[in-house]
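There are 4 protein chains.
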Amino acid sequence: MVVVMKPRTSVEIIEKLSKKLESLGCSVHKTQGHDYCILGLVGDTSRIDPSQIEANDYVDRLLRVQHPFKLAGRTFHPENTVIDVLGHKIGDGNLTVMAGPCAVESEEQLLTIAHAVKEQGAHILRGGAFKPRTSPYSFQGLEEEGLKLLKKAREITGMPVVTEVICLETFDIVEAYADIVQIGARNMQNFALLKKAGKSKTPVLLKRGMSATMEEWLMAAEYIMSEGNPNVILCERGIRTFEKYTRNTLDLSAVPMVKELSHLPIIVDPSHATGKWSMVEPLSKAAVAVGVDGLIIEVHHQPELAVSDGAQSLKPEKFAHLMDSVKKIAQINSI
Amino acid sequence: MVVVMKPRTSVEIIEKLSKKLESLGCSVHKTQGHDYCILGLVGDTSRIDPSQIEANDYVDRLLRVQHPFKLAGRTFHPENTVIDVLGHKIGDGNLTVMAGPCAVESEEQLLTIAHAVKEQGAHILRGGAFKPRTSPYSFQGLEEEGLKLLKKAREITGMPVVTEVICLETFDIVEAYADIVQIGARNMQNFALLKKAGKSKTPVLLKRGMSATMEEWLMAAEYIMSEGNPNVILCERGIRTFEKYTRNTLDLSAVPMVKELSHLPIIVDPSHATGKWSMVEPLSKAAVAVGVDGLIIEVHHQPELAVSDGAQSLKPEKFAHLMDSVKKIAQINSI
Amino acid sequence: MVVVMKPRTSVEIIEKLSKKLESLGCSVHKTQGHDYCILGLVGDTSRIDPSQIEANDYVDRLLRVQHPFKLAGRTFHPENTVIDVLGHKIGDGNLTVMAGPCAVESEEQLLTIAHAVKEQGAHILRGGAFKPRTSPYSFQGLEEEGLKLLKKAREITGMPVVTEVICLETFDIVEAYADIVQIGARNMQNFALLKKAGKSKTPVLLKRGMSATMEEWLMAAEYIMSEGNPNVILCERGIRTFEKYTRNTLDLSAVPMVKELSHLPIIVDPSHATGKWSMVEPLSKAAVAVGVDGLIIEVHHQPELAVSDGAQSLKPEKFAHLMDSVKKIAQINSI
Amino acid sequence: MVVVMKPRTSVEIIEKLSKKLESLGCSVHKTQGHDYCILGLVGDTSRIDPSQIEANDYVDRLLRVQHPFKLAGRTFHPENTVIDVLGHKIGDGNLTVMAGPCAVESEEQLLTIAHAVKEQGAHILRGGAFKPRTSPYSFQGLEEEGLKLLKKAREITGMPVVTEVICLETFDIVEAYADIVQIGARNMQNFALLKKAGKSKTPVLLKRGMSATMEEWLMAAEYIMSEGNPNVILCERGIRTFEKYTRNTLDLSAVPMVKELSHLPIIVDPSHATGKWSMVEPLSKAAVAVGVDGLIIEVHHQPELAVSDGAQSLKPEKFAHLMDSVKKIAQINSI
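Residue numbers (our numbering), protein chains in the order written: chain G, 295 to 629; chain Y, 295 to 629; chain L, 295 to 629; chain H, 295 to 629.
Just so you know, these hints were derived from the structure itself, not from any lab.
For clarity, every value in this text was computed on a predicted model and none was experimentally measured.
Worth double-checking, as some hints may not be accurate.
Because identical chains cannot be distinguished in the list, a pair is counted as satisfied if it fits within a single copy or across any two copies.
[What the hints assert, rightly or not] Straight line, CA to CA, 30 Å or less: simulated DSS-like cross-link-like pairs of lysine-lysine: (1) Lys324 to Lys313; (2) Lys493 to Lys310; (3) Lys383 to Lys609; (4) Lys612 to Lys313; (5) Lys300 to Lys313; (6) Lys314 to Lys621; (7) Lys446 to Lys383; (8) Lys412 to Lys442; (9) Lys445 to Lys609; (10) Lys383 to Lys622; (11) Lys622 to Lys324; (12) Lys538 to Lys493; (13) Lys364 to Lys314; (14) Lys300 to Lys495; (15) Lys538 to Lys445; (16) Lys493 to Lys622; (17) Lys442 to Lys313; (18) Lys445 to Lys412; (19) Lys445 to Lys612; (20) Lys489 to Lys314.
Build the full structure now, drawing on both the sequences and the hints.
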């Protein structure tokens with residue numbers, strides 16, 4: 295940590311602050327410039343609250359040197375994490391494809407789509423039973439009935455299931471049915487839910503919040519991991535920007551960023567990022583080329599009848615084309 | 295609702311879509327231009343899911359005409375809502391000041407600050423007992439112990455209390471102690487929590503999400519109201535932008551926007567918006583001038599020792615100066 | 295300047311870099327932590343290019359301590375700058391109101407509006423002769439004919455004139471007619487134009503770019519000042535964010551920020567910031583309350599016939615109401 | 295164009311507005327709902343200024359149906375544009391690689407890099423002679439001397455040259471040396487410069503502004519094309535968002551968006567988008583996978599000595615690796 299003092303701060307004040315910082319457990323190295331004095335802190339800075347230091351009138355700025363994420367960070371865990379989901383490995387460059395409808399609507403709908411995506415090589419079945427919707431008047435999901443249908447689809451197809459959990463109260467029931475529990479963008483900083491997920495061992499798919507920085511996202515993973523669950527899969531799903539032609543702006547730079555900073559697997563959701571089915575295949579190809587560990591894709595056999603997010607769902611034949619394209623790029627990457 | 299068809303869509307397809315839309319309960323008026331055909335929908339469009347319509351290949355765009363918020367909107371509720379909190383009226387131009395520490399730390403700390411802000415004319419005491427923190431390693435609040443201290447401060451000072459609720463599980467206990475429950479920016483789209491708050495009658499302070507549009511924010515209010523709780527107070531607390539000199543960017547345009555679209559009271563939080571105590575007074579003055587119904591301000595007698603957000607807390611003497619300034623502006627506004 | 299080395303960088307490399315930095319004219323203070331080594335640079339760092347240092351594999355990050363703006367900054371110029379425009383003083387808390395039509399359309403239009411705003415107490419007449427328009431098919435302004443009309447309006451009303459310059463080629467002619475030349479948001483980093491304006495002595499109204507940080511904006515002022523023109527007036531006119539209910543998001547925090555960092559006067563343009571006439575008065579009041587040095591307001595007697603930006607123009611009677619409101623707030627501020 | 299009237303607008307006012315709109319040359323179709331009345335305009339709406347219509351008190355909103363770009367849009371020009379640069383074809387899926395230093399520094403530097411990138415298969419040499427720099431104190435380029443060196447490099451290597459033009463005054467001299475003139479992000483709405491470029495026939499590389507929407511970008515191209523120059527190459531170089539880990543956020547969705555809306559070639563600049571050399575290769579691969587027509591890459595043999603943007607420059611051996619990777623992905627795309 296580096297503390298920059300305001301110009302013309304007196305020597306006494308600098309001494310007093312240094313003593314206080316040392317009393318909190320670190321040593322202080324002073325660099326005196328012409329206008330500015332800089333204090334470099336070494337050792338255990340964990341007991342120092344940056345906001346307390348900045349509350350002092352004579353402190354200009356405080357610059358943090360170390361990343362605040364310990365468990366999610368690569369510094370103390372250099373090798374890539376691989377997560378096992380019913381025998382399927384996620385992470386370390388292995389391309390995992392999760393696919394299925396936005397929302398579970400009926401047994402027929404779910405099984406039709408599950409068979410279709412399995413046939414094209416998808417590894418994991420997605421489907422929402424509890425749906426977070428912007429409007430209280432929109433369809434909110436089949437709830438436990440939807441979870442039962444997902445279980446049935448897993449029994450029939452053998453595909454593990456990922457589904458979203460939207461609150462503490464239903465966490466246990468969702469976890470009872472799911473092989474991966476998803477925490478959505480809107481809940482990325484629902485810290486109570488993160489802690490709850492951390493007490494489980496079920497893998498967690500943690501979507502990036504709509505306006506979450508890289509650091510906030512990794513700190514959300516840290517919440518889960520610090521409670522004891524190391525099985526976190528990150529998912530980039532588009533960030534909010536001024537550009538409204540797409541629903542969100544897919545930030546593919548996040549993939550190499552995460553690879554630099556963290557050992558956790560990262561997948562991409564081009565369906566929610568763009569909101570437009572016509573853009574899902576090109577951005578899936580880009581995601582695989584940039585080095586992602588997986589994709590999560592919305593597929594519906596009748597998008598114009600889908601109860602949620604039809605506009606971004608691929609028909610099975612278009613999903614087949616996508617799978618064909620991304621496999622070729624994945625092959626090159628693995629050479 | 296207006297549906298714009300892609301150029302060169304055949305007459306048959308337009309007829310087919312029109313029939314489908316009519317079967318969902320509305321009438322369709324067709325405007326045929328040279329390149330585009332536009333369908334204007336009239337009547338009850340509530341059964342039409344925009345995303346299903348956009349999922350059709352031949353649909354270019356869909357433009358919504360009516361606002362989706364019914365209860366929170368001004369159209370069917372033109373007069374301003376006024377909320378009564380233990381006899382204090384919030385809304386309709388009456389300036390309410392909420393003030394207190396970011397986090398409740400101890401009885402002495404809380405009472406010292408409570409007395410100080412009361413003396414300067416604050417109406418409601420703020421203080422966090424459950425703290426949503428970006429890092430799992432930061433102080434998470436005194437929890438129920440903090441709530442008990444808030445109750446004590448209310449008994450001694452007579453000030454009603456506003457405090458944050460961060461999860462479903464602790465909603466009932468927070469509500470038992472609070473006169474206003476706050477739902478923070480990170481939980482603005484925690485729909486399960488919104489529904490829970492909607493089943494209560496306790497007034498809810500609903501902060502705007504960091505990247506929430508006006509419409510999403512009002513739809514979050516709609517979640518609470520549609521469950522039966524009409525007592526929602528909106529709070530603008532800064533949005534996330536590219537500018538990092540302040541912690542967030544305070545969007546004061548939100549005040550006249552909310553006044554145009556909604557009948558709910560709106561207050562402003564300049565402390566969290568800026569993250570810098572030196573900017574709290576000028577922006578409080580601006581908020582009052584723009585026509586806000588209230589302010590929520592962080593005050594701490596020893597900000598350099600505060601366990602949370604010291605950098606943005608005002609000392610009591612600075613708070614006194616702020617109160618003096620904003621009262622003068624409020625007087626002008628009320629003439 | 296502080297250089298943070300990557301963890302586990304060898305002592306030799308650190309020595310080598312330190313020597314190089316010293317050879318560029320500064321002294322280097324090393325702070326060695328457990329994982330990180332930090333180099334604090336003291337003295338003249340002006341010959342160090344941050345990007346060259348960051349290009350080294352073993353450098354993690356580089357943190358700048360001093361602000362890069364020297365002439366625009368407050369550090370070496372603590373007292374507020376006051377700019378004289380034909381005897382009218384701009385800056386240091388004196389409220390200047392600039393008002394007039396978006397575009398000069400005709401003699402009758404301009405004089406009607408000029409008389410109306412003068413009568414209400416406006417100090418300076420605005421009006422565009424060269425208009426930067428998003429579409430090449432929109433009205434581009436009356437050009438020199440418009441400048442002549444502005445000159446005439448000045449002769450008749452006695453009001454100094456501010457008008458926009460959009461390119462190098464027409465700078466001299468605009469300057470010949472204008473008392474203040476405006477450089478618009480889209481040209482804020484048109485460095486050739488900034489240098490040209492710097493070679494003049496005519497005051498420059500420098501609008502903030504749509505996505506310009508505080509630092510970039512002050513560096514644009516620095517371009518003008520470093521060429522010899524100290525007469526720069528900053529103008530906040532809304533930044534681009536995800537929120538589209540208003541045309542831009544007015545960043546009123548910019549006012550206290552600029553006051554902290556710079557000695558230059560700053561005014562606010564609520565007309566372009568919001569794009570909606572109904573929001574101009576409340577945000578003007580807020581701007582004055584936050585401590586701005588002036589306002590620039592679009593006024594048109596027939597906004598529904600205006601050739602440019604009618605939707606954000608105030609009718610003269612609404613402008614009169616605005617003037618009345620802001621004067622009262624200005625009075626309080628000056629007590 | 296669709297005009298939405300405010301609720302409860304009288305029949306007389308609606309009639310009056312309809313007549314006015316018809317007098318401007320279009321026909322008006324009225325759709326009367328319960329609360330809202332919608333006017334659908336058909337025919338030639340080019341004489342209608344949206345802002346004038348919105349200036350009316352009784353108009354709620356105005357929705358544009360047609361895109362405002364005619365020449366840059368795909369509607370009236372469905373086939374892809376291919377631009378010939380000294381025999382090299384840019385566009386229609388042909389992968390063009392432009393590479394070279396950020397700034398031309400010396401003959402030796404430029405030739406060393408030019409030979410290196412040519413050897414790896416780059417088609418066009420980039421190098422800045424006039425540099426737009428945020429600070430007036432930074433190196434501003436070798437100017438005409440730099441252009442002469444570029445010419446020499448072209449004579450020796452046979453590679454066409456792309457270089458930036460930053461102002462009207464130097465346009466002619468830059469054009470005299472360049473095979474492609476680049477208009478940078480900061481000048482994307484320097485309309486005078488766009489018009490000047492439109493009067494030339496030299497191909498223009500038009501970078502997207504830092505916060506330019508898709509529509510504003512295509513309207514900037516429209517400026518050039520409407521003056522008579524059809525040879526516009528678009529370049530996505532990252533947009534400004536809240537995320538600061540990378541310099542900008544590369545918006546790869548822009549590629550399929552542009553392909554949908556326009557016939558112009560589009561290339562990607564991953565060097566400026568990320569500001570970090572380690573991210574250039576992965577994002578180049580992603581850009582090629584998403585279907586871009588080309589890349590522009592900064593290469594420097596000694597980035598730690600580069601006078602500009604060293605942190606984002608690739609060394610020749612890393613550029614060789616990049617070329618190898620992107621060629622493989624390009625091959626798959628072309629199958």
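Here is what the structure says about each hint:
For a Cα distance limit of 30 Å, the shortest separation of lysine 324 from lysine 313 qualifies both inside one copy, at 12 Å, and across copies, at 20 Å. Within a single copy, lysine 493 and lysine 310 get their C-alpha atoms no closer than 43 Å, and across copies no closer than 48 Å, so neither meets the 30 Å cut-off. Proximity of lysine 383 to lysine 609 under the C-alpha cut-off of 30 Å is restricted to the intra-copy arrangement: shortest distance 27 Å within a copy versus 35 Å between copies. Taking identical chains as interchangeable, the C-alpha atoms of lysine 612 and lysine 313 lie at most 30 Å apart only when they sit on different chains, with a minimum of 27 Å there against 66 Å within one chain.
Taking the closest pair of Cα atoms, lysine 300 and lysine 313 come within 30 Å of each other both inside a single copy (18 Å) and across two copies (28 Å). Taking CA atoms no more than 30 Å apart as the test, lysine 314 paired with lysine 621 passes in neither setting, with 58 Å inside one copy and 39 Å between copies. Taking the shortest alpha-carbon separations for lysine 446 and lysine 383, only the intra-copy value of 22 Å comes in at or below 30 Å, while the best inter-copy value is 54 Å. Taking the shortest alpha-carbon separations for lysine 412 and lysine 442, only the intra-copy value of 19 Å comes in at or below 30 Å, while the best inter-copy value is 55 Å.
For the homomeric pair lysine 445 and lysine 609, the shortest alpha-carbon distance inside one copy (23 Å) is at most 30 Å, but the shortest distance between copies (52 Å) is not. In the homo-oligomer, the alpha carbons of lysine 383 and lysine 622 lie at most 30 Å apart both inside one protomer (20 Å) and across protomers (27 Å), since each shortest distance falls under that limit. Taking CA atoms no more than 30 Å apart as the test, lysine 622 paired with lysine 324 passes in neither setting, with 56 Å inside one copy and 46 Å between copies. Taking the shortest Cα distances, lysine 538 and lysine 493 never come within 30 Å of each other, neither inside one copy (38 Å) nor across copies (32 Å).
For the identical chains of this complex, lysine 364 and lysine 314 are intra-copy neighbours only, at 25 Å inside a copy versus 33 Å across copies, given an alpha-carbon limit of 30 Å. When the C-alpha separation of lysine 300 and lysine 495 is checked against a cutoff of 30 Å, the pair qualifies neither within a copy, at 48 Å, nor between copies, at 34 Å. With identical chains, the CA atoms of lysine 538 and lysine 445 are never at most 30 Å apart, being 37 Å at best within one copy and 42 Å at best between copies. Taking identical chains as interchangeable, the C-alpha atoms of lysine 493 and lysine 622 are never at most 30 Å apart, the minima being 39 Å within one chain and 44 Å between chains.
In this assembly of identical chains, the alpha carbons of lysine 442 and lysine 313 never lie at most 30 Å apart, being 61 Å within a copy and 36 Å across copies at closest. In this assembly of identical chains, the alpha carbons of lysine 445 and lysine 412 lie at most 30 Å apart only when taken from the same copy (15 Å versus 57 Å across copies). Taking the shortest alpha-carbon separations for lysine 445 and lysine 612, only the intra-copy value of 26 Å comes in at or below 30 Å, while the best inter-copy value is 48 Å. Taking CA atoms no more than 30 Å apart as the test, lysine 489 paired with lysine 314 passes in neither setting, with 33 Å inside one copy and 46 Å between copies.
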